[in-house]
Amino acid sequence: MIRIYDTLTNSNKDFQTVSGGKDVKMYSCGLTVQDSPHIGHMRALITADIVRRVLIKEGYDVFSVYNFTDIDDKLIEKMKNGEDYRILAQRNIDEFMKYMKIMNVLDFNVYPRATNHIQEIIELIDSLLKKGFAYESEGDVYFRVSKFKDYGKLSGKNTKDLIEGKRVEINENKESPLDFVLWKSAKDKEPYWHSPFGKGRPGWHIECSAMSIKYLGETFDIHTGGEDLIFPHHENEIAQSECSTGKQFAKFWVHNGMVNLKGEKMSKSIGNVFKAKDILSKWHPNVVRLYLLKTQYRKSIEFSEERLDEAQSAHSRMRNALNGEKKNADKDFYFEKFSDALRDDFNTPQAIGYIFDAVNEINQNSPDSPQIRSEILKMLDILGFKNEEATKQSHDAELIELLMDVREDARKDKNYRLSDKIRDRLKDMKVILSDSKEGVKWKTED
RNA sequence: GGCGGUAUAGCCAAGUGGUAAGGCGACGGUCUGCAAAACCGUUAUUCUCCAGUUCAAAUCUGGAUGCCGCCUCCA
254 MIRIYDTLTN SNKDFQTVSG GKDVKMYSCG LTVQDSPHIG HMRALITADI VRRVLIKEGY
314 DVFSVYNFTD IDDKLIEKMK NGEDYRILAQ RNIDEFMKYM KIMNVLDFNV YPRATNHIQE
374 IIELIDSLLK KGFAYESEGD VYFRVSKFKD YGKLSGKNTK DLIEGKRVEI NENKESPLDF
434 VLWKSAKDKE PYWHSPFGKG RPGWHIECSA MSIKYLGETF DIHTGGEDLI FPHHENEIAQ
494 SECSTGKQFA KFWVHNGMVN LKGEKMSKSI GNVFKAKDIL SKWHPNVVRL YLLKTQYRKS
554 IEFSEERLDE AQSAHSRMRN ALNGEKKNAD KDFYFEKFSD ALRDDFNTPQ AIGYIFDAVN
614 EINQNSPDSP QIRSEILKML DILGFKNEEA TKQSHDAELI ELLMDVREDA RKDKNYRLSD
674 KIRDRLKDMK VILSDSKEGV KWKTED
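The first sequence begins at 254 in our numbering and counts up one residue at a time.
In case anyone wonders, no lab produced these hints; they're calculated from the structure.
Model, not experiment: these values are computed from the prediction.
You may find that some hints are simply not true.
Claimed, not checked - The list that follows gives simulated cross-link-like pairs (lysine-lysine, DSS-like), each with its CA atoms no further than 25 Å apart: (1) Lys-452 / Lys-331; (2) Lys-631 / Lys-310; (3) Lys-266 / Lys-547; (4) Lys-639 / Lys-584; (5) Lys-413 / Lys-400; (6) Lys-515 / Lys-504; (7) Lys-500 / Lys-310; (8) Lys-680 / Lys-667; (9) Lys-266 / Lys-552; (10) Lys-467 / Lys-504; (11) Lys-639 / Lys-333.
Please construct the entire structure, taking both the sequences and the accompanying hints into account.
Below you can see the structure in the form of structure tokens.
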């Protein structure tokens, strides 16, 4: 049984599928593609990845959707720089897909985009209008929050407090300051689509309702995203969807914590972002993954180069232990505990702790080392680490072994000037030699 | 001000009633031509603070304080 912390109930719940069977439908809130992805996006992505990997490991059949919101105010704002929003969106999507591959994230089944679902969005708005949950005003269409009595159930907010909060924007077109826009009329030179409500574009939130219902059904199992989306984004998705369908929207709401920089949330608007591109040019994807998984997904993480370097050291320790004979395990001592940890709300830090317990047993020259190595490989695979064994069989391996052979001859002749030169030069090329009792070993540096 | 979360060693981080996992770092030792890796040992009598429940609390209850997120676009 998998336990998942659900934001809707603020509690851990046993996971059960809507269907009662083994098929899981999951929606992950992706990017608004106004900018290139940063480490915070990577965290949300890795969270969605781990959720799916654990479900799959537990025998579930997961159908997952990752969306791109490719039209919004920020994107239009950026058009002032002379670039069409479609080009900009495509570039950021391409970049995202590239880093997703590099990070070894499982493919999602569908990657829908808002602009490809205008028809579905219009139909959804139309049904809300017909049922009285929405109204037209000056070419815009708004959701009538007062009509949905459950409004605030996800974020724990109540409408009275929200109105009293001084941050709600004043907009004369709205009946209430809490109402949010479903369809936004197009101003001069803005991109637009035709609709029964006039020329315009979808508001933020409605695309996710339309696309999740289309691909996953009116009620689905899991909805994931960053915790900063709880309000208003996910709250509004619930309002739109449940008012339209009359059914519960998502059963489990999974929200990941923020990546902070100097104690403050990393965000596009503050401008304190570390891009995925820059991080992955400096650290191996497995190291980045370890850095992210070393903290439970719901906690905030402090971003710093030191944290990444620390993950790199820990990662090397893990890899070093894998050097050696492997044999498929007939016992699963660590693996069982590891699995228990993951079933408990995806407790990756604890699961990783068990991997290091296994590493330590190998390093103490346990007779079971070959089996434990296989067990570790299995665990790393479930956590989505790329298997680096393949690297060792690469084209360069034979040349490296030749140089090692020459170095051994030099060492036998006590020609340490030459032997150290070979070792140093290989090190410059990120190939590390180490002399051990079992002979000389080599590995590549991350 | 409201809602939610969180507070554990030098740093990071698990642990939700039975006596503090794991990682990084540091120090001492072993091994080595020298390194690297690895091993052995040391590094929280104690979990923000106060009060309470209990045979037993980091874990439960009440209160205080700090930090973070949301209440405005955000993963």
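Enumerated hints in conflict with the structure, sorted upward: Structure breaks hints 6, 7, 11.
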